[in-house]
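Student: One-letter residues, chain by chain:
There are 4 protein chains.
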Amino acid sequence: MAKLRVGMIGGGGPGSFFGMVHNRAISLDASRELVAGALRTDPAAALAAAAAWGIEGYGDWQSMLAAVQSGKLCLDYVTIVTPNHAHYAPARAFLAAGIPVLCEKPMTMTVEEAEDMVAAAAPGNVPFVLAHTYTGHPMMMFAKELVRTGQIGEVRKIESWYNQGWLASDLEASGQQQAAWRTDPQRTGISNCGGDIGTHAFIAATWVSGLGVARVSARLNSFVPGRVLDDDFNVIAEMSNGATALIHATQIAIGYKNDNGFRIFGTKGSLEWHQERAEKLLVRRGEVDEVYWIGAGFSYIPASVKPYLRVPAGHHEDFFPALANLHQTMEFTLRRRRGDGTAPTPFDHPGLAEGVAGMRFVRAAVESSKARGAWTEL
Amino acid sequence: MAKLRVGMIGGGGPGSFFGMVHNRAISLDASRELVAGALRTDPAAALAAAAAWGIEGYGDWQSMLAAVQSGKLCLDYVTIVTPNHAHYAPARAFLAAGIPVLCEKPMTMTVEEAEDMVAAAAPGNVPFVLAHTYTGHPMMMFAKELVRTGQIGEVRKIESWYNQGWLASDLEASGQQQAAWRTDPQRTGISNCGGDIGTHAFIAATWVSGLGVARVSARLNSFVPGRVLDDDFNVIAEMSNGATALIHATQIAIGYKNDNGFRIFGTKGSLEWHQERAEKLLVRRGEVDEVYWIGAGFSYIPASVKPYLRVPAGHHEDFFPALANLHQTMEFTLRRRRGDGTAPTPFDHPGLAEGVAGMRFVRAAVESSKARGAWTEL
Amino acid sequence: MAKLRVGMIGGGGPGSFFGMVHNRAISLDASRELVAGALRTDPAAALAAAAAWGIEGYGDWQSMLAAVQSGKLCLDYVTIVTPNHAHYAPARAFLAAGIPVLCEKPMTMTVEEAEDMVAAAAPGNVPFVLAHTYTGHPMMMFAKELVRTGQIGEVRKIESWYNQGWLASDLEASGQQQAAWRTDPQRTGISNCGGDIGTHAFIAATWVSGLGVARVSARLNSFVPGRVLDDDFNVIAEMSNGATALIHATQIAIGYKNDNGFRIFGTKGSLEWHQERAEKLLVRRGEVDEVYWIGAGFSYIPASVKPYLRVPAGHHEDFFPALANLHQTMEFTLRRRRGDGTAPTPFDHPGLAEGVAGMRFVRAAVESSKARGAWTEL
Amino acid sequence: MAKLRVGMIGGGGPGSFFGMVHNRAISLDASRELVAGALRTDPAAALAAAAAWGIEGYGDWQSMLAAVQSGKLCLDYVTIVTPNHAHYAPARAFLAAGIPVLCEKPMTMTVEEAEDMVAAAAPGNVPFVLAHTYTGHPMMMFAKELVRTGQIGEVRKIESWYNQGWLASDLEASGQQQAAWRTDPQRTGISNCGGDIGTHAFIAATWVSGLGVARVSARLNSFVPGRVLDDDFNVIAEMSNGATALIHATQIAIGYKNDNGFRIFGTKGSLEWHQERAEKLLVRRGEVDEVYWIGAGFSYIPASVKPYLRVPAGHHEDFFPALANLHQTMEFTLRRRRGDGTAPTPFDHPGLAEGVAGMRFVRAAVESSKARGAWTEL
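Chains as they are written, first to last, in this note's numbering: chain A, 304 to 681; chain B, 304 to 681; chain C, 304 to 681; chain D, 304 to 681.
Among these hints, one or two may not hold up.
For identical chains, the list gives no copy identity; a pair is met inside one copy or between any two copies.
Pairs of lysine to aspartate or glutamate, EDC-like flavour, derived with a Cα cap of 20 Å [what the hints assert, rightly or not]: (1) K673 with E541; (2) K571 with E475; (3) K609 with E590; (4) K609 with E448; (5) K571 with D473.
Simulated from the structure, these hints should not be mistaken for laboratory data.
Generate the whole structure from the sequences, applying the supplied hints.
Tutor: Below, the structure is given as structure tokens:
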């Protein structure tokens with residue numbers, strides 16, 4: 304079985320971080336390989352970065368696209384790892400050219416861009432995966448299946464959160480690259496904290512529950528002096544079924560790393576999950592707390608999740624495998640399209656619809672906050 | 304040293320719960336004893352309940368007060384353990400008579416009642432303790448001291464919560480006594496979930512931080528069909544220093560027992576505490592998480608907290624000692640008033656001011672929720 | 304219902320610790336009270352200590368016993384809280400006089416003394432409770448019931464342990480009272496660590512499992528220079544059914560407080576309990592971890608354990624209530640003896656037989672260690 | 304930079320498990336690739352397995368070695384993933400041919416084989432890494448550095464353990480492949496539980512502490528009827544500095560997955576680590592518990608560990624990256640040998656010496672157990 308050939312846009316050079324994370328996720332299953340990339344904005348630097356990784360380099364994504372279209376380069380899909388403002392143009396162009404895309408979140412800078420991407424993908428029904436890494440954690444997938452199959456009844460309330468502390472002081476002033484682009488409206492859009500990690504809390508609240516957000520009341524803060532965008536993001540949401548959700552995120556919680564998680568309370572039971580102990584799921588349906596662990600060998604793992612597990616029982620796969628699972632979903636999708644009957648059914652991971660919803664959510668939250676928490680429709 | 308003599312109002316009879324809890328808390332330190340009580344509404348039942356406990360019985364609180372005033376009964380203070388609607392009358396009367404009161408929360412049914420109690424206590428500066436049990440946990444007291452002494456800098460954001468599941472279904476229909484009075488507006492006031500456990504989250508947010516709540520935007524829900532009052536309570540609050548607080552509570556989180564706790568994020572560090580593991584406090588001021596344990600022998604325990612500890616190191620005192628600590632505060636106050644120089648300085652536990660603030664908080668939340676989350680001043 | 308009247312031997316004076324702990328445990332349920340004591344070795348100091356507690360004072364236990372026998376003092380039972388070497392004489396004398404005894408552990412200094420106490424109690428079948436505090440934790444009682452009723456099948460292996468750090472350095476050199484008597488063979492016997500906390504691990508291994516220890520292979524260490532007795536205690540034991548147990552304790556584990564606990568592995572399942580999170584029990588019988596919480600209201604609590612719970616659900620009772628539960632067992636025993644049909648059935652808490660077994664265990668371990676781990680019968 | 308080319312011996316076919324795990328670990332860093340393999344015993348099946356993975360296939364390792372020696376195949380190193388009995392022959396042959404080897408543990412079937420492998424590697428000082436996966440966890444490496452640099456003083460006592468439950472019943476009777484070879488003396492050697500997971504506990508006790516085991520007293524059990532080899536393994540060890548270690552493992556702990564970990568108690572502090580929450584290290588040096596997290600960005604991570612981290616802060620890398628770190632050590636070693644000045648210093652991961660020590664440890668334990676726990680020199 305030939306490995307899938309993957310191209311990358313962005314993600315290279317010193318100070319970048321997530322490009323190499325995707326490279327590892329692409330490589331982990333030994334069934335995909337990164338073969339080409341337009342890894343940086345500066346063409347010379349882009350070529351140098353590609354050379355350093357030992358892949359075919361392009362000075363910009365346009366020339367990489369041209370190479371694909373001219374048949375000089377064969378790619379099964381591309382991964383977009385640029386800062387937020389640079390997702391839309393290449394994603395739209397590759398989709399329009401019929402080339403599948405796995406793109407970092409938040410999907411775009413605006414709702415309009417997001418909807419335009421949907422339009423671009425529609426004619427060819429081109430596969431698109433939105434890289435909400437944590438949705439690749441098998442126990443988060445298991446949680447979604449438990450809700451979908453009615454194990455906790457009708458959802459009444461959701462808490463989802465993401466606490467970080469790395470932007471509690473003016474890190475961007477030091478020139479730190481990750482801080483600099485996230486706090487810059489030109490590169491990150493209308494919301495920093497909301498777009499960067501509030502969207503994770505949003506996905507937990509919606510994707511796991513299977514519910515949409517109907518309207519929000521929000522309070523965004525910029526605690527660190529001089530910061531234009533929010534570094535703290537708080538939303539009370541009304542869900543599509545009338546449930547209430549508390550969706551909040553902050554970047555000023557000193558000492559907190561990636562404290563993302565959710566609790567979902569239904570009429571028959573409750574779920575609780577924490578990204579920092581991602582390999583367990585706490586289910587409460589009666590008097591006894593039930594703790595479920597990751598492990599392909601456990602009979603409770605649904606058939607839809609099992610193909611995404613790599614270790615039989617009780618070892619923690621965690622972060623890279625979670626991201627790799629999104630690439631697995633792309634791979635399974637592509638292999639099945641080509642008639643490979645051995646490819647598992649791809650899981651229902653976030654895609655274009657979730658990307659648009661996320662952009663609408665962030666926009667509504669920003670508007671509501673400006674209107675002192677007025678309830679704002681998505 | 305003679306034991307302090309304590310009277311009790313309410314709390315007796317089958318199906319009651321917290322009267323005996325206070326009895327234990329009164330007894331635990333072997334320096335106080337419950338000697339008299341008007342334990343139930345029905346006079347005959349009240350006398351029977353007192354007899355069962357081996358204490359002097361009164362048919363109603365009025366006759367117990369009369370006995371004190373006539374010199375027939377000597378009480379150092381009274382404890383009020385009635386349902387919410389029956390706090391005000393006896394508390395006011397005893398305070399007006401100059402007799403100290405330790406009263407269950409929420410303090411009253413209305414803000415007006417609460418303010419009237421303040422007025423009643425003022426002339427004699429009569430000691431009053433509001434029984435927010437969890438504030439008696441030494442690590443919660445320690446947390447308050449850490450904030451007060453600037454260990455985490457200026458407070459920016461607070462999360463405080465209380466998740467329970469016992470009212471996820473229509474328990475009151477079964478006649479269960481605890482459920483019945485809490486869901487009945489006549490006995491519990493304008494808010495069930497907010498008054499009963501939202502006030503715990505409120506106290507965590509305000510008492511520990513030393514901040515007040517300026518205004519709130521709230522969403523209250525009644526999830527269980529047929530219920531008039533809220534069983535779910537969500538508030539975004541603006542604190543007196545401009546900080547933001549998320550204060551929420553629910554009674555429909557199936558399988559959650561007493562998941563109360565807080566996180567406080569300051570400019571220099573963070574605190575995290577959970578009632579269900581009350582004997583530890585998590586402090587984050589840099590890269591390393593610091594975990595503090597209860598224990599009188601630890602040098603980090605402040606002098607203000609040390610007199611409240613009973614065990615030198617590493618054993619958990621937990622629930623009854625926490626409540627006993629509120630009685631300790633009453634005892635220390637009374638002993639010092641009488642010139643006992645060996646009595647420790649009483650800790651700054653919640654009292655009348657916190658009771659009034661709690662009532663204002665609940666009222667504002669109820670109003671805001673009716674006004675679809677409009678920001679409402681306290 | 305009149306309160307039971309309790310006397311205390313030892314436990315008073317500055318620097319003592321557990322006397323007041325027992326006083327609290329006696330008081331907690333408001334059904335017993337400490338009324339008399341011979342609290343210290345020096346008669347004048349003993350009288351002063353009793354006066355400070357507001358109880359009737361005796362200069363020595365002999366005169367307190369005489370007062371009981373002459374009818375001047377009425378006691379339902381006595382509690383012995385002296386250092387190890389001073390358990391035997393008063394315990395034996397009170398038992399011989401037909402007065403029930405609740406005695407601290409380890410029961411005596413030697414096996415012979417322990418056996419003599421059994422003989423003294425036999426004629427009148429005088430109630431005796433050995434104060435293994437942790438056996439009063441309801442979840443440890445629950446664990447014993449799960450084993451007894453076959454929920455985890457036949458026991459194959461046990462781990463039980465107790466890690467402390469407070470004697471990691473030469474604390475006794477500072478004159479610290481607790482360290483001084485524990486490291487002194489005259490007052491503590493042939494083993495410090497084994498007798499003081501190894502016996503807790505022994506009780507966990509035997510009392511919970513319902514098994515005896517047949518023979519041991521041991522290695523005891525004295526890590527701190529100058530120390531005569533062990534501060535580290537390690538045993539491999541063969542149980543009465545052929546199971547293997549690892550029973551170990553140490554006092555040199557810096558930073559560990561009271562890390563006592565056990566794991567029991569049977570043919571059908573496993574149990575795990577930790578004293579430092581005493582209110583939960585982890586049960587594993589299949590793929591899903593089951594977590595049980597303390598709480599009188601939970602239907603899984605056996606009828607034999609239920610009378611020992613004080614709070615309906617999800618609040619932690621913890622340390623003082625655990626010790627109070629041993630006093631409850633004494634109280635239930637006495638009340639039933641007197642024909643009180645409302646008194647619950649006393650739980651099968653450690654008594655004389657467990658005390659003798661504990662002394663045999665420590666003796667065998669000391670001998671085995673001297674013989675370089677030779678297997679030694681109990 | 305060209306990727307290192309890796310060959311694999313064993314690990315293919317249905318029912319195998321760890322071959323694919325190594326394949327992922329080889330691929331994860333995108334700097335190595337699996338290019339060839341003799342993946343199964345049956346030559347035809349071996350070729351088919353290689354084809355399924357898309358690598359160059361060989362019918363047996365001898366022909367793969369011949370291909371390397373004749374220059375037809377270029378390999379930087381080989382990974383051996385066969386059952387225990389099939390480690391020695393290929394490992395010895397490749398080492399003798401000067402080809403580096405990364406080999407699964409336990410290293411061989413006998414001490415003699417292990418020593419012979421040392422002899423084979425000696426002439427060319429051929430690199431060898433023993434695949435003790437857990438030593439690749441950065442927090443375990445950090446622990447080793449803390450001990451080495453004296454942060455916890457002189458080591459006094461060690462606990463290390465590994466509890467599993469998957470062999471609590473007669474799984475091998477079902478033909479399950481993993482159970483079948485581990486319980487078969489022909490394929491697994493003189494010890495099942497000791498060799499398979501006791502060696503993990505051994506490595507934790509020795510490699511982290513920097514100490515050797517001098518002598519052991521052991522008790523091995525075969526709990527499941529019909530089993531020839533041990534499924535339970537208990538050792539009290541005397542370390543090279545006189546410290547005592549409890550080293551134990553079991554396969555009959557129902558519901559336990561991979562509960563491996565250690566506690567190390569020194570004269571200045573203590574360390575605690577659990578494989579099932581591998582990304583944190585608990586350090587106790589005073590009153591406050593210190594919790595350290597994985598994360599390249601934390602200043603406490605030693606320079607020797609930093610090159611092994613892939614994510615800046617607070618995401619969990621866990622299992623595959625841990626194994627990949629052993630491949631990193633091989634890669635760093637090889638690159639530096641070739642003069643690549645950018646390659647980091649390889650960490651001191653287990654190699655031939657640890658492999659020999661592990662075999663001596665298991666042999667001594669088996670002998671001691673047969674001699675009823677007689678102290679046996681390594």
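Student: Output the indices of the hints that this structure fails to meet, ascending.
Tutor: none
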